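Take the sequences, apply the hints, and build the full model.
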Amino acid sequence: MIKINLLPEAKPTKKKKGVSALGGGERLNVILLVGAVVVGLLVIGVQWWIYRSQIKELDEKIRRDQLEVARLESILREVKDFEDKKAKLQKKVDLINQLKQNQKGPVRLMDEVSNALPDLLWLEKMEYKGTTITLAGKALNPPAVANFLENLKKVSAFQEPKVQDISAASARGAALYNFSLSFVFSNIDKTQQPEPAPAGAAGAAPAGGAAPAGAAPAAAGM
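Residue numbers (our numbering): 1062 to 1283.
Be careful, since some hints might not be right.
Derived DSS-like pairs: lysine-lysine, alpha-carbon spacing no greater than 25 angstroms straight-line [as the list claims (entries may be wrong)]: (1) K1223 - K1190; (2) K1186 - K1215; (3) K1214 - K1190; (4) K1223 - K1186.
Since the hints were derived computationally from the structure, they do not count as laboratory data. A quick note: this is a predicted structure, and the numbers were derived from the prediction, not measured.
Quick look at the structure:
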C-alpha cells in the first residue's frame, strides 16, 4: 500500500546572522572585562615588584647605616678613651709641676738666706705667715745685723726686708744681741709651705763671746 504524507515537510530553522549563544555585545564585554582583569593584575604585579625592590633597597640602606653607626660609635669610644687618658695624664703632669714648684720655693728660700748670712751672726728660728718670712737669731754686734739686712735687700725674691727688733742679751757671760727681721718672699707657694724651723734648731749660741762665721749656716740647717 502506498502511503502519502500530506503534512508539509519540516524545514530546518536557519539561525539569523550575528546571533549566537551570547550576543556580540556581551562577548565584547566579557573580553574587555577579562582584559581589564589581566591588565589590573599586571599593574599590581609591577607595582608589587617595584615596592619590593624599594623595600630591599631601604633594608640594604638601613643595614649600611647601622654598620656606619656602629663604626662611628667605636670611633667615639676610642676618642672618649683618649680624652680620658689625656685628662688623667694632664692631671699627673700638673701635680708633678706643682710638686716641683712647691719644692723649688723653700729650697731657694733656704739657699738665699744662707748665702746672705754675714759673719758674727747666726739664726735660731724661721717662721712664715702667708708670704711673710720672719727670721730670728743672735749676733755679736748690731753691725752684723745691719749687714744681714743689706744682704737680704740684694735678693730680688726678698721684698721689703726690715728689722723688727734688736736687743742686748748675754749667753755664758758673752755680750750678744737678739734680733728679728722680716721680708716678703715672692717665690713661695701659698698652697704648700715649709714647716717652720723649731726654736733652737740653729744650734746653741757660741761660748766665750766668739761665734765662727761658718757655724751660722750649719746651725740654721742650710
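Cross-check of the supplied hints:
1. Our distance criterion of 25 angstroms between C-alpha atoms is met by K1223 and K1190, whose separation comes to about 16 angstroms.
2. About 21 angstroms separates the Cα atoms of K1186 and K1215, which keeps this hinted pair within 25 angstroms; it holds.
3. For the proposed pair K1214 and K1190, the alpha carbon gap of about 19 angstroms is at most 25 angstroms, so the pair holds.
4. Using a Cα cut-off of 25 angstroms, the hinted pair K1223 and K1186 holds, with the two alpha carbons roughly 16 angstroms apart.
Consistency with the previously given hints is maintained throughout, with no hint failing.
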